[in-house]
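Novice: The residues making up each chain are set out below.
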Amino acid sequence: MAGEEAVASGAVASGAVASGAVASGAVASGAVASGAVASAPVADLDGDGLLGDFPEGRRLVGTRCDQCGAAMIGARVVCSSCVSQAVSRVALPATGVLYSFTRLHGLSGQRGVPGQDGGAGVRPIGYVDLDLDSGGGVRTLADIREGAVPLRPDMRVVFGVDGDDWFFTPAQAADEAGSSDE
Amino acid sequence: MSEQVYVVSAAMIPFGKHRGSSYVGLAVSPLIDALRGAGIGKSDVDAVYVGHSYGGMMTGQRITKEIGLGTVPTLNVDNACSSGASALHEAWTAISQGQAEVAVVIGVEKLTQFGGGTLPLSPEDREVKQGLVMPAVYAMRATRYLYENDADVTDLARVSVKARRHGALNPFAQFRQEVTVEQVLAARPVADPLTLLMCCPTGDGAAVTVLASERARARRRMPRGIRVAASVLHSGQVAEGFRDMTKPEISYESARDAYAQAGIGPGDLDLIELHDAFSIAELVYYEAFGLTGKHTAAALLRDGRTTFGGDVVVNPSGGLLAKGHPVGASGVAQVAEAFWQLTGQAGARQVPDARWALTHVTGGGTAGLDHGACTIHVFEAA
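Note that the protein sequences, when read in sequence, are chains H and Z. Using my numbering, you'd call the opening residue of the first sequence number 1 and step up by one each time. Using my numbering, you'd call the opening residue of the second sequence number 183 and step up by one each time.
FYI, nobody ran anything at the bench for these hints, they're computed from the structure. Some clues are possibly wrong.
[Claimed, not checked] Listed next, the stretches of chain H that the computed footprint assigns to chain Z, with coverage defined by at least 3 CB atoms under 8 Å from CB atoms of chain Z:
{"id": "1", "region": "63-74"}
{"id": "2", "region": "99-105"}
{"id": "3", "region": "120-129"}
[As the list claims (entries may be wrong)] Derived list of chain Z stretches under chain H, where covered just means 3 residues or more per stretch with a C-beta under 8 Å from a C-beta of chain H:
{"id": "4", "region": "307-314"}
{"id": "5", "region": "410-424"}
{"id": "6", "region": "431-440"}
Here a beta-carbon is modelled for each residue, glycine too, at the ideal position from N, C-alpha and C.
Excised from the complex, chain Z in its bound form:
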């Protein structure tokens, strides 16, 4: 019998352009706050897992040495946009298998170091050499989606409008101003049909969670926290030829496995934090997660069934579109949101009586794959 694993605390900095902060500067405060929130000291930590994509060598150790948290294993994890959640998956694996009792998970990224523009992808990749950038991938997904489905460009705008409306309530969000459909459509074109306001912003961020086994939680009198009901990590599978870009198999299969592991279905979820790096993604993932059937994702959004008062609140934090997307930090920040929601600490954006939450990040940018990595977690209020 594997150990039950709990997230017993979470902390993060507001996402934004923190030009004066290094990776250490971004992460050290939430690290301290997360340990305090768990009611433990650094000597209680058995292992540290650090998700980032652009931090360079030993980012995790550079952060933890600031508080003298050493000796124990520290693992730096790069899975692009799934880095932070992959780090969490590693921590969950270690605790559930009894290799650790208490683990710290850090997600951190500093994108302002690149001075703006799109995410730097591997220059060794065939399509990156041809000039592919992430907005182009999602834009082609959107073009095909609008061609095949009963949806139009205003539905893409509505995703951004909802994200901004949610983000306006979140003090951790990079964008806290609401926008209208008209403003989204009139914004500067980035990659047709996506305008700037349909793309997540560049920014910096850090989020930290503490995970503990059920026994350690009880023995060290840590907060009840939330239970990790599922932790799933999938890698992409190459397709040399045709691929249906509107049905990313990596997210479908990860969701299927996560539901099976948690023993619940989509109808049980109270909130979802999903990977809305570009607005088209949210519509695609409604279907991937089983919230709706074929061709009906846009109707689900239009009918208000994925916002407060609907069937399930998708991205109550504002998502990547409003909260921001410092790549390696995003997966851990989603878990922080789930932690606050399921422990009733989400303030103005609290989903009433939230019991089940799903978080999802997926990292792309590799020729032949839909995405390279996908991580889904399911949490239950404890």
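Just chain H, with the same shape it has in the complex:
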């Protein structure tokens, strides 16, 4: 049925609508879906990683809203701003700014938790605001690889991949190592 277009244009979808997309489109456009609407579950547990393969290489997976242009982290099915379900999978930028960071202590493994197992491991993590010139910006939590340059807020960082692990590292250190794509 041509329900999605009809609902998006403000018409009323009547009868048994077996599509979550149509029902939520109605939310965005202000139309009313009447009748028994069989909303669809989202299989968001399939593929939980943020790392994806794109023409430009391995990048963080993002989502851009086809309707309002908002950008989001991860594979999403609905825009958190305008509630459109017309969204596209995109590669997120490989550069950004370190908003803040910490080093978690007392880890016994890379993915351990602090203070629980009393290990000697230290894990630097931080929030990175990616370089997006439209869409309201995207912030991601990330492992931070420290080099010779001390970490500080507002420093420029670049994306890196090591096997299945991904991280950001100070841009200056990456330049020195010759691995920056900036």
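Following the hints, position chain Z against chain H.
Specialist: Leaving out everything else, chain Z in the frame of chain H:
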């Protein structure tokens, strides 16, 4: 005209590691004591609201059945660290709208069941999958705060020192030993720049209050108690991109609404019990609650204006840092502190002539939100 609502009694157990007690074992004594304090029996209760995050199914009913308090609606409320205060907000709503006259609010949590470590967060959350834990959230807040403000790591330590000094006077506090700035800074690092003594402890606890309408209070000859002047519950709003972690909008907006509802301003407050889960939080909330302007929170603390003898006593109970933070219990325990302070029953930690109190808890741990829930209450001596 909505009904005026009063907290007519409060009771709690000392927070600590009560390994031999279940959720029922933690909560049943303060439940009995709170009913006795109100001078009522179980048949006087119209509704029960129970805040907890890790108690499992029917925690409230498991507790109330021990004293045969059934039939009436019992609602289990989970809003992470705001669970207990959210339960209180629900009770206030029911009474102020005339759906109940007398309600019991229970906050209870047993964190020793996890054997130590950080608070278990939802494994479905994107950032939790990446390894995020609550100390990391507050540590990143602290890193940014120290970068932007005229403050350094010793100010974070001073928050803990003040909390312990207050907690030393509180028989309900988990930690009753004072500490020095040097001890706080030398403690084991947890998440830079936070050391162990800048983090609230793991523990168990339960607190219970009885709320009543003005009419029920008079008719059943209950104690005067304290008036609920404001009850505000906000949820977080997602930010996909930039967020100023030093200015948590959920607490700013909740405070603004609470002041408006109560008809007072920050200068009227005699005491505040705020959500100092980690020491950085207290500095951030000084500004959020309008106690001070931009970049001056650390100076407020250093000058002693938020302790006894200052402008307003922040966390006279010792706060989460010293009293402890059994998640779902904390919001109700703050109200118990306000009740004792505003009724002149706070003993060695009594704030002289206290008339106005504000309590604040906020629950986090969700990617994209500053915090998921924030509850602020304002109370006036009756």
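Novice: Three residues or more, CB to CB closer than 8 Å: is that satisfied between the region 410-424 of chain Z and chain H?
Specialist: With 5 residues in contact (Cβ-Cβ under 8 Å with chain H), the coverage given for the region 410-424 of chain Z holds.
Novice: Between the region 307-314 of chain Z and chain H, are there enough contacts, at least three residues with CB-CB distance under 8 Å, for the coverage claim to hold?
Specialist: holds (count 6)
Novice: If you count the residues of the region 63-74 of chain H with a beta-carbon closer than 8 Å to a beta-carbon of chain Z, do you get 3 or more?
Specialist: holds (count 5)
Novice: Closer than 8 Å, Cβ to Cβ, for at least three residues: run that test on the region 99-105 of chain H against chain Z and report holds or violated.
Specialist: It holds, with 7 qualifying residues against the three required.
Novice: Quick one: see if chain Z covers the region 120-129 of chain H, three-plus residues with Cβ-Cβ under 8 Å.
Specialist: holds (count 5)
Novice: Count the residues of the region 431-440 of chain Z whose Cβ falls closer than 8 Å to any Cβ of chain H, and tell me whether that reaches three.
Specialist: With 0 residues in contact (Cβ-Cβ under 8 Å with chain H), the coverage given for the region 431-440 of chain Z is violated.
When held up to the earlier numbered hints, the structure conflicts with hint 6 and nothing else.
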